[in-house]
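Enquirer: Listed below are the residues making up each chain.
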Amino acid sequence: MNNNLRNNRNKSNVNNRYGLYFLGLVAGLYCVLCLFNPQKTYNSLKLSWDITISIIPILFIVVLFMGLLNYFLKFKTIGKHLGKESGIKGWLLAIFAGILNLGPVYVWYPLLKNLRDKGMKAGLVTAFLYNRAIKVPLLPIMTFYFGIEFVVVLMIYMVAASIVQGKVIDMVERHRQI
Amino acid sequence: MADEKQKTISASFHKAFRSFLVTAPVMFGVILLLGLFKTYVSPRLISAVFKDKLLQDTILGSAIGSVSAGNPISSYIIGGELLKQGVSLFAVTAFITAWVTVGLIQLPAEAAILGKRFAIIRNSMGFVLAILVSIATVLTIRIL
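Protein sequences, first through last, are from chains U and V.
Read left to right, the first sequence gives residues 1 to 178 (the numbering used here).
Read left to right, the second sequence gives residues 179 to 322 (the numbering used here).
For reference, chain U alone in the conformation it holds in the complex (with noise of 0.2 angstroms):
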């Protein structure tokens, strides 16, 4: 157990060192487009305060799930959810959870590493993540681009990628622990 958290702790730290060196690497080129053409540059830099400020209603509802995740599920509720055993009911509830979840993908991932080490499927994640791209709300856009049944078609296509993908990645998960 202590071994577990020491692994965790370790991990934080690496992840977050990568995280400062990624963004200490990204602001190093916003210095050097400085140089070629300002104007550009600091219109990149406003539009990245505009994405900032409006996920910011987002970024508090995913912390807000991640401490009543953390308080409420226990390793057993997720693992028997969206775990091993979940079976179809674990399938119909990541892609759910994937089409009906609103804001930019990266905002979920601190919360998907959360269920993840309680025990979540990789498979699961994935078709999480994949069933993000049916926006529901932006459907009737798409229909006015490509036609009803363009959408629909489309729609099929893309839960049923979104399962083979996982499967592949659950598959990849197993042979890695073997």
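Hints in this document: simulated from the structure, not taken from any laboratory.
All values derive from a computational prediction rather than experimental measurement.
Heads up, the beta-carbon is just placed ideally off N, CA and C, and yes, glycines get one too.
A portion of the hints provided could be inaccurate.
Derived SDA-like pairs: lysine to any residue, alpha-carbon spacing no greater than 20 angstroms straight-line [said to hold, decoys possible]: (1) Lys40/U <-> Leu223/V; (2) Lys167/U <-> Val219/V; (3) Lys135/U <-> Ile255/V; (4) Lys216/V <-> Ile53/U; (5) Lys40/U <-> Leu292/V; (6) Lys216/V <-> Cys31/U; (7) Lys84/U <-> Phe296/V; (8) Lys262/V <-> Lys167/U; (9) Lys167/U <-> Ile298/V; (10) Lys216/V <-> Gly103/U.
Derived Cβ-Cβ restraints for the label pairs, each shown as a range [as the list claims (entries may be wrong)]: (11) Val306/V <-> Val136/U: 34 to 44 angstroms; (12) Asp117/U <-> Gln263/V: 45 to 55 angstroms; (13) Gln263/V <-> Lys89/U: 20 to 30 angstroms; (14) Phe96/U <-> His192/V: 28 to 38 angstroms.
Listed below are several chain V residues computed to face chain U (Cβ distance under 8 angstroms; list not exhaustive) [unchecked claim]: (15) Gly281; (16) Leu282; (17) Leu285; (18) Ala314.
Model the placement of chain V on the given structure of chain U, informed by the hints.
Expert: Frame of chain U; chain V shown alone:
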């Protein structure tokens, strides 16, 4: 007992906030990259890449969709414009599918948080699946 429960709630939220803080730098790095992408890569630049070759354009559609990022509405608008310019529906479908299912810009964040192997396999498969989904969708529509 109430105190103990309260302590556990606060510990749960403290843990959640700490997990978020660990992932925050990589998340903000991705947002900064998104800002650069949206400013430096225009829809005209994207449409100039297609060469009127079915298979090559479909693979290209998936590749461009994979490196693109932003609101899916942008992909529908660009996709609609590409169709008007005569780019095949195979290429456009691969492009809009990969736009939302593959994220090369988000890859560093996904790899750091969910694992390098997971992120690489998921995104590589997403690229291939975008091509297959596009072929299956267009062929099904033609049959219907």
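Enquirer: Each hint needs a verdict: does it hold in this structure or not?
Expert: Right, here's what the structure says about each hint:
no.: 1; hint: Lys40/U <-> Leu223/V; in the structure: 16 angstroms, holds
no.: 2; hint: Lys167/U <-> Val219/V; in the structure: 35 angstroms, violated
no.: 3; hint: Lys135/U <-> Ile255/V; in the structure: 15 angstroms, holds
no.: 4; hint: Lys216/V <-> Ile53/U; in the structure: 16 angstroms, holds
no.: 5; hint: Lys40/U <-> Leu292/V; in the structure: 33 angstroms, violated
no.: 6; hint: Lys216/V <-> Cys31/U; in the structure: 17 angstroms, holds
no.: 7; hint: Lys84/U <-> Phe296/V; in the structure: 17 angstroms, holds
no.: 8; hint: Lys262/V <-> Lys167/U; in the structure: 37 angstroms, violated
no.: 9; hint: Lys167/U <-> Ile298/V; in the structure: 16 angstroms, holds
no.: 10; hint: Lys216/V <-> Gly103/U; in the structure: 17 angstroms, holds
no.: 11; hint: Val306/V <-> Val136/U: 34 to 44 angstroms; in the structure: 26 angstroms, violated
no.: 12; hint: Asp117/U <-> Gln263/V: 45 to 55 angstroms; in the structure: 47 angstroms, holds
no.: 13; hint: Gln263/V <-> Lys89/U: 20 to 30 angstroms; in the structure: 45 angstroms, violated
no.: 14; hint: Phe96/U <-> His192/V: 28 to 38 angstroms; in the structure: 31 angstroms, holds
no.: 15; hint: Gly281; in the structure: 6 angstroms, holds
no.: 16; hint: Leu282; in the structure: 12 angstroms, violated
no.: 17; hint: Leu285; in the structure: 10 angstroms, violated
no.: 18; hint: Ala314; in the structure: 5 angstroms, holds
The structure does not agree with the numbered hints 2, 5, 8, 11, 13, 16 and 17 stated previously, though it agrees with the rest.
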